[in-house]
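Listed in order, the protein sequences are those of chains A and B.
When the count follows this note's numbering, it moves up by one through the first sequence with no breaks and lands on 327 for the last residue.
When the count follows this note's numbering, it moves up by one through the second sequence with no breaks and lands on 123 for the last residue.
A hint or two may mislead.
Cut-off 16 Å, straight-line C-alpha distance, at most; resulting in silico cross-link-like pairs (EDC-like, lysine to aspartate or glutamate) [what the hints assert, rightly or not]: (1) 108(A) to 5(A); (2) 306(A) to 38(B); (3) 65(A) to 35(B); (4) 144(A) to 44(B); (5) 60(B) to 117(B); (6) 144(A) to 48(B); (7) 107(A) to 182(A); (8) 32(B) to 66(A); (9) 302(A) to 117(B); (10) 60(B) to 66(A).
Simulated from the structure, these hints should not be mistaken for laboratory data.
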Amino acid sequence: MGLVEIGIVLIKAVVVFACMLLCVAYLTWLERKVLGHMQVRCGPLRVGWHGLLQPIADGIKLLFKEDIVVSSANTFIYILSPMIVTGAAFAAIAVVPFGDQIEILGKKIALNIADVDIGVLYIFALSSLSVYGITLAGWSSNSKYALLGGLRSAAQMISYELPMGLSIIGVLMLSGSLRPVDIVESQDVWYIVKQPIGFLIFLICGFAECNRNPFDLPEAENELVAGFHVEYSSMKFALFFMAEYAHMIVLSALVATLFLGGWRGPVLPGVVWFMLKVFALLFFFVWVRATYPRFRYDQLMKFGWKVLFPVSLLNILVTGLGMVLWG
Amino acid sequence: MGIAGYTGILIMVAVAAAFGGVVVLLSRLIGKRQESREKLMPYECGIDPTGNARRRFSIKFYITAMLFIIFDIEAVFLYPWAVVYRSLKIFGFIEMVVFVGILLIGFLYVWKKGALEWGSKSI
Chain A
1 MGLVEIGIVL IKAVVVFACM LLCVAYLTWL ERKVLGHMQV RCGPLRVGWH
51 GLLQPIADGI KLLFKEDIVV SSANTFIYIL SPMIVTGAAF AAIAVVPFGD
101 QIEILGKKIA LNIADVDIGV LYIFALSSLS VYGITLAGWS SNSKYALLGG
151 LRSAAQMISY ELPMGLSIIG VLMLSGSLRP VDIVESQDVW YIVKQPIGFL
201 IFLICGFAEC NRNPFDLPEA ENELVAGFHV EYSSMKFALF FMAEYAHMIV
251 LSALVATLFL GGWRGPVLPG VVWFMLKVFA LLFFFVWVRA TYPRFRYDQL
301 MKFGWKVLFP VSLLNILVTG LGMVLWG
Chain B
1 MGIAGYTGIL IMVAVAAAFG GVVVLLSRLI GKRQESREKL MPYECGIDPT
51 GNARRRFSIK FYITAMLFII FDIEAVFLYP WAVVYRSLKI FGFIEMVVFV
101 GILLIGFLYV WKKGALEWGS KSI
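So here's chain B without its partners, still in its complex pose (with noise of 0.2 Å):
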């Protein structure tokens, strides 16, 4: 289709992107408005807010995180190979095990360190 399809897209993008800026312009045209001291505290449960929300957050999710880039580039890798791989046939299937092998034991790895675990056995 080459690059005539795209046009298609950056117009669907503008019309999402427009919608969404006119919508919120719009209820902060008319929305009625009387703000307080109260209102625009963060929401505690009805109490004053303690402390600054921005602290120190649990390590795992910057685990999570980082394990979810190394596995998600063997995703992206694997995309291409699963379009031709009618055409690479049992060549390319052995090659898929031994790249898809190798990233395993480091799946098995993590999975023994205790780095998919979450409470009280979590590192």
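Same shape as in the complex, but just chain A (with noise of 0.2 Å):
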């Protein structure tokens, strides 16, 4: 691998890392915008046209704040949890690809960062460790309520990455890889149509991994106050809210690669297909957060375990007998 191609895996993940904060940023504003239309309100109006400056206002205003360590905390572990949970989920986008091969300069480029043949599997893996961050940072804490929301927030996420991990395999067994890029070339007819069932599960672990409504528990506002960032604030408390969006968008991106097909679409260009996607899955997420009130503890955890996943393993079981009887 020479310097060339360095260079340019440099520049893409910087490019990669820019429009994901942007994103990340915007997804807040759009939130907020969303609900509150929805709740018939305006939303943000002051910062800019239609507030449409509110997130970087935001975003400087974080920045000036104090930055408290707990006296009691455990400083190493705390300040560097947040750290883990960012860097998990904005490094989870380097195996996603955007677009189909693009030629710039004579010069094919792949629109991926990193084109690995277990993609999926990465993607899997770092999405887990920021499991660690949360649990981590409930712990360092040294407060009551950072503890139980670390606790229940480290207890749900392993629960539904079971069912997730298991919903996907349908689709690997149909597309006989884990190479993302693989996995949407094989789709000439959506996944979502041949795995419905793996496509519902895997959305509705999705939700209970971001931590998002109906599965928000860990940082249920009117008994856990924050939950496990409750000590946090400053860039710190930022960071763990941009690791909570960027993981929703990696979510968004890996549903439209994995079940929608991709960066594939007619006419308009590939990136412009997957961003439509990823849009509208975000737009999505809000929706449910707007319709939907929160689940009991209790009855989250019945759900993982007693239905989803008993229903994932009766998914693979269907996909294999249909595999083996019509190819």
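Join the two chains into one complex using the hints; note that each chain is given alone, in its own frame.
Structure below.
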């Protein structure tokens, strides 16, 4: 691998990272705006045209806030954990292909940062890594609320990781590859058609993995105040916040890649199709938040272990049988 | 794609980690700081915190983690099987039914024992 290739990869990484940051910032705006309109309010309106500068104002405000390290906290882990969470959330996007190969100055450039054979596995590995960040954040704060939030969060995330991992096995059986590019290219018919149950399970687990409504128990405001990040302030708090939104983006991108045909679509260029699918899914995330109340904790665990887990196993069985019978 | 693809991953992880570090450092440097004993106490609804937060917690979390490890390993075994499933055909199908069946017996045992219950019925 020459210097030129490494340079190209570096440029791609920085561009994608910047785009992700921008998406995260404007996702907060989108969420507040959509939630506002769904509740017959206007949402942010003051800073810039229709509140478009609101995320930037928020970011600057958070940067200038006082950075508190709780006196009884375990300082090193306390500072490290928001970085683990953010790092894991942002780095996961590396293997997702945004589009087909393009040609710039006679050089073929693949529109993903890293084209690895175990791409899907890599995303799962990184998304499990953020469990560590959250648990450590809850524990190291040395606060009761934070500890409870961290524990709940860990139990919830690992419980839903299981059906999530199983739900995509149907897709892997059909495509015969763990490489995202291969999976997209094998989808002449979107896998949502062949794997509707897998898609549903994956989406539900995705909500739980991102700690989003209706599974936002780890940060249930009215019982745990804010859950694992109650003791965090300033930019460390912002990192948790950004990680949650980045996680949502990665998940939407993954759903688009695995079940909705990735960048493929008629007429428009691939990147546009990909973005359309991702943003439709992100809108869905916000829509669900405006619609559903929160689960109770025992209901949440029961649903994960007693419904989603057996159903996802059954889905694999049916897929396997179908492939044996009809090729 | 071989090993070359992993350079991208390395670079992306480095960029993400650097971002986290720089942002935390920046807020440390430019944020104003005015500390007091009360401000640095853990939050407990405004009263002085009582006791240490690191006490015993429900055993259920521990059981959940153990169950997760067992069944997640099952999922990991299914991954390579799924990738080569097309060439294994009916043989692969029966093999996996046996494997998952054995683990399902364990799952049913755990279920009957009440390890999946939360609240009053839990063990």
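Can you list which hints this structure breaks, lowest number first? Checked against the structure, the hints that fail are numbers 2, 7 and 10, while the rest are satisfied.
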